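From first to last, the protein sequence lines are chains E and S.
Going by numbering that gives the first Met the number 0, the residue at position 211 of the first sequence is 210; the numbering climbs one at a time, nothing skipped.
Going by numbering that gives the first Met the number 0, the residue at position 125 of the second sequence is 124; the numbering climbs one at a time, nothing skipped.
In short, the hints are calculated from the structure, not lab data.
Computed from a prediction, not measured in an experiment: that's the story for all the values here.
Honestly, I wouldn't trust all of these hints.
Said to hold, decoys possible - Below, a list of computed lysine-lysine pairs in the DSSO-like style, where the Cα atoms sit at most 27 Å apart: (1) S:222 <-> E:118; (2) E:58 <-> E:31; (3) S:222 <-> E:119; (4) S:27 <-> S:222.
Stated by the list, open to error - Only some residues are given here: those of chain E computed to face chain S with a beta carbon under 10 Å: (5) 55; (6) 58; (7) 88; (8) 99; (9) 156.
The C-beta atom is built at its ideal place from N, Cα and C for all residues, glycine as well.
So you can see what is in the structure, the chains are spelled out below.
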Amino acid sequence: MTDAALATGQSRGVRVAVRGLRKSYDGVPVLKGIDFEVEPGEVFVIMGPSGSGKTVLLKHIIGLETPDAGEILIEGHPLTEPGVMDRYRMAMVFQSGALLNSLTVAENVGLYLTEHRLKKPAEIQRIVQEKLELLGLRGIGDRYPSELSGGMRKRVAIARALVIEPQLILYDEPTSELDPLSAVVIGHEILNLKRRIGVTSLVITHDRDLAFGVADRLAMMYEGQLRAIGTPEAIRRSDDPIIRRFLSAEFQPTDHSDAP
Amino acid sequence: MFRDLGQMLVLLGRTVRALPYTFRQLEKIYQQLFEIGNASLLMVCVLSVFIGGVTTLHTGTELTARGLSSVIGGLVGIAICKELAPTLVSILIAGRIGSAMTAEIGSMQVYQEIDALRTMNINPVHYLVLPRLVAILIALPVLVIFSILVGWIGGAVVAHYNQRIGLSFQAFFLNLRQVVDVTDVLGGLFKSAVFAVVIGTVACHQGFATVGGPRGIGRSVTKAVVNCIVFILILDYFLTRLWLYVET
Numbered sequence: 000m001t002d003a004a005l006a007t008g009q010s011r012g013v014r015v016a017v018r019g020l021r022k023s024y025d026g027v028p029v030l031k032g033i034d035f036e037v038e039p040g041e042v043f044v045i046m047g048p049s050g051s052g053k054t055v056l057l058k059h060i061i062g063l064e065t066p067d068a069g070e071i072l073i074e075g076h077p078l079t080e081p082g083v084m085d086r087y088r089m090a091m092v093f094q095s096g097a098l099l100n101s102l103t104v105a106e107n108v109g110l111y112l113t114e115h116r117l118k119k120p121a122e123i124q125r126i127v128q129e130k131l132e133l134l135g136l137r138g139i140g141d142r143y144p145s146e147l148s149g150g151m152r153k154r155v156a157i158a159r160a161l162v163i164e165p166q167l168i169l170y171d172e173p174t175s176e177l178d179p180l181s182a183v184v185i186g187h188e189i190l191n192l193k194r195r196i197g198v199t200s201l202v203i204t205h206d207r208d209l210a211f212g213v214a215d216r217l218a219m220m221y222e223g224q225l226r227a228i229g230t231p232e233a234i235r236r237s238d239d240p241i242i243r244r245f246l247s248a249e250f251q252p253t254d255h256s257d258a259p
Numbered sequence: 000m001f002r003d004l005g006q007m008l009v010l011l012g013r014t015v016r017a018l019p020y021t022f023r024q025l026e027k028i029y030q031q032l033f034e035i036g037n038a039s040l041l042m043v044c045v046l047s048v049f050i051g052g053v054t055t056l057h058t059g060t061e062l063t064a065r066g067l068s069s070v071i072g073g074l075v076g077i078a079i080c081k082e083l084a085p086t087l088v089s090i091l092i093a094g095r096i097g098s099a100m101t102a103e104i105g106s107m108q109v110y111q112e113i114d115a116l117r118t119m120n121i122n123p124v125h126y127l128v129l130p131r132l133v134a135i136l137i138a139l140p141v142l143v144i145f146s147i148l149v150g151w152i153g154g155a156v157v158a159h160y161n162q163r164i165g166l167s168f169q170a171f172f173l174n175l176r177q178v179v180d181v182t183d184v185l186g187g188l189f190k191s192a193v194f195a196v197v198i199g200t201v202a203c204h205q206g207f208a209t210v211g212g213p214r215g216i217g218r219s220v221t222k223a224v225v226n227c228i229v230f231i232l233i234l235d236y237f238l239t240r241l242w243l244y245v246e247t
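When you get a sec, could you build the whole thing from the sequences and use the hints?
In structure tokens:
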């Protein structure tokens with residue numbers, strides 16, 4: 000990606016298609032035939048309650064799991080086709096951040112470039128600083144992940160993903176365990192990246208505010224199936240009782256006057 | 000059990016295939032060498048002094064009582080270099096270094112760090128297993144040489160100062176030099192090299208096989224150390240048979 004392309008916000012995302020994806024663990028079906036497409040440069044959010052199979056789906060798209068049936072196409076090429084994983088750059092931001100605890104923040108962010116020997120050490124250092132600054136993390140390069148807050152760890156994980164110059168970023172519960180302010184920052188970063196580098200983003204979350212805030216299109220996943228796919232407005236207007244229940248669920252304080 | 004064995008052989012095969020990339024991992028190999036050497040040198044020294052000492056106590060008192068004190072040096076020397084140093088130092092390293100390898104890789108597995116490596120197209124075998132296996136393959140035989148020398152000295156000291164033995168240093172080492180030759184030491188080093196591969200492979204495999212949280216890591220560490228010790232003791236017999244066959 001050139002600086003000019005970055006400046007013009009030229010789209011360089013990839014098209015992702017998931018066709019008839021099925022997966023079972025020990026005979027228990029987790030994905031029951033998933034079909035959807037994500038357009039280049041789109042922010043596609045898959046929302047759903049915990050345990051609905053969202054993370055398993057994401058792991059299939061990045062190639063960490065092998066499906067029992069179905070396929071994943073990147074720009075029309077099956078993920079299993081030799082060379083596809085090398086041809087298209089993909090990155091994943093894990094729910095926990097998954098930073099390497101034995102490395103400093105700077106080493107974590109530069110790991111991809113260092114291990115693949117893509118740049119000289121001075122150049123790697125410059126890129127790492129640039130990415131950290133982009134995410135508002137100036138001056139923490141020498142710290143270890145254990146010294147960071149949850150929000151900072153998530154942003155470092157995004158910086159690490161950006162170093163790959165990805166055409167597809169997968170976010171797994173990017174706002175879980177974060178306070179509302181940090182969650183807003185992460186949401187802004189997802190939108191900023193879309194605007195700046197035109198990356199295709201696939202976000203898995205059960206955070207309704209984030210989902211409706213960043214999504215171009217939304218899908219609702221429930222018990223291994225997609226109940227609906229559409230724009231945020233269309234999902235909001237859905238008559239599906241499960242979607243309605245998920246979207247309208249709110250904490251209702253009960254009377255505990257008889258409690259000790 | 001057999002599935003684990005198969006998976007370990009596959010992991011070893013992948014690591015052997017990755018050997019041409021060793022030069023890319025030199026920094027990590029140096030780090031691991033420092034970890035193994037730094038963590039183990041003092042322990043190996045203490046262990047070896049007492050191995051030499053207790054072997055001399057057992058054999059020396061009996062042999063001296065039968066007027067055979069002149070052969071103590073050879074007997075202790077050969078026992079240490081062919082059997083005791085390679086086996087006991089390997090067991091020590093399995094407990095000290097093998098457990099650390101399993102805990103580190105197991106923790107990375109549990110906390111998705113290995114998945115993160117895969118998403119960056121970084122091969123975990125190249126990044127994690129290769130440097131550890133190469134480092135332990137270099138470090139363990141070096142520690143065994145050190146252990147042999149310290150063990151001999153420990154044996155000689157006990158032979159000299161124990162009142163029931165009272166053998167001079169000269170007499171101990173004269174007999175040792177007459178009995179022990181280079182092939183005996185090489186036999187011990189050959190064993191230790193095989194044990195190093197066993198420790199590295201078992202420990203790394205068990206790390207990758209870790210599931211669950213901290214309790215899973217604990218289970219994996221225990222299993223790795225126990226498996227290493229069992230494999231070392233079983234292989235010790237067959238390697239001794241093999242070396243005796245080669246020697247003759």
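Results for each hint:
no.	hint	result
1	S:222 <-> E:118	violated (41 Å)
2	E:58 <-> E:31	holds (15 Å)
3	S:222 <-> E:119	violated (42 Å)
4	S:27 <-> S:222	holds (26 Å)
5	55	violated (12 Å)
6	58	holds (8 Å)
7	88	holds (9 Å)
8	99	holds (5 Å)
9	156	holds (8 Å)
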